[in-house]
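Student: Spelled out, the chains give:
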Amino acid sequence: MGLLMVVILIIIGAVFYLKYAVLSDKDESFQSTEREIQAVNSVKALMNLETCNVTIKKAIDMCSNQEDLCGELSCDYLDDFIKNVYSKVIEDDYLFLVFEGNSEILRVEQNKCEYGVSSGDQYIQEGSNYYIVRLKICYR
Amino acid sequence: MQLFFKRGTLETQQTIIIVFIIVVLILLGMTVFYRYMNLSVKNEFNEYEKKSFDNLLLTFPMIPEIVCSSYGVKENLCVDSIKIDSFYVLSEKEDNYYLSKLGARNITVTLLYPEYKGYWRIYDNIPNICLSTLIKRTPVSVYIADKDEYGIGEMVIQGCFD
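For the record, the sequence lines run as chains A and B. As numbered in the working numbering, residues 1 to 140 make up the first sequence, in order. As numbered in the working numbering, residues 1 to 162 make up the second sequence, in order.
Okay, chain A solo, but in the shape it has when bound:
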């Protein structure tokens, strides 16, 4: 009888332990999702802006073709513009990259940002050209 009780108690204890062990790290995925949403929305919001009477998508296309924008090289102009915009939107360090195929055409970095939450690849189209935009935010 005593042995049966001990066995039952051990089983009850094991069930509780398993239940808590399985439900332990739910909050981390929740945090991650929120930050991913912030990164994706930051890219999408930037892509709707205009500067120097051209859209950002057009400016990226011009940067890819090494054209001038507002009296300076479009890539340099974009670098300053993106830093100016994101200084008001993102409080943390970030790394903003634009690719055409596999080659990187624009890199904007606020301090050094190695490990962070990425927006993933965001595809943009300007005319017949496709670009991949990626934003990584390194939360402090």
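A hint or two may mislead.
Computed cross-link-like contacts, SDA-like style, restricted to lysine to any residue with a CA-CA straight-line distance of at most 20 angstroms [what the hints assert, rightly or not]:
#1 Lys136/B with Gly116/A
#2 Lys58/A with Asp148/B
#3 Lys88/A with Glu44/B
#4 Lys83/A with Leu106/A
It should be emphasised that the hints constitute simulated quantities derived from the structure, not laboratory data. What you are looking at is a predicted structure, and each value in this text was computed from that prediction instead of being measured.
Given chain A, put chain B in place with the hints provided.
Tutor: Just chain B now, with coordinates in the frame of chain A:
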């Protein structure tokens, strides 16, 4: 005969004690199980509330009431400042419908870029008494209708949880 009677009495007493202990253990187990299940259901409900709150961060800027569109077709993913003002009036009028759809929330948008003053109250339905509040924020693209240009705003969603 006397010894046999004493042994029988002793065994009966032992049985009663064991039955009593088992009953106590069963009652204790039922109480713990009930409390645990109660807590588990509450936790799952809170988890569901938090998930739906998190989803709101992703889905709310895309609801037809506020999203930028032309002739009913979504254009760039942004929120329209004129629609926001109209939605605030609508949500006050249809408060029961939006309370069931969005829950007890306060939703605002503050313009961050360009740097002129812009602040919109989108939805205002948080009760005065609230045990705990959770705040989530995300950048959103804002179409500033009176200037016919796009900006970036910060959408803040404040949720009330019991």
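Student: Next step is simple, just say for each hint if it's right about the structure.
Tutor: Now the hints, each set against the structure:
no., hint, verdict
1, Lys136/B with Gly116/A, "holds (19 angstroms)"
2, Lys58/A with Asp148/B, "holds (19 angstroms)"
3, Lys88/A with Glu44/B, "violated (38 angstroms)"
4, Lys83/A with Leu106/A, "holds (12 angstroms)"
The structure fails hint 3 only (numbered hints given earlier).
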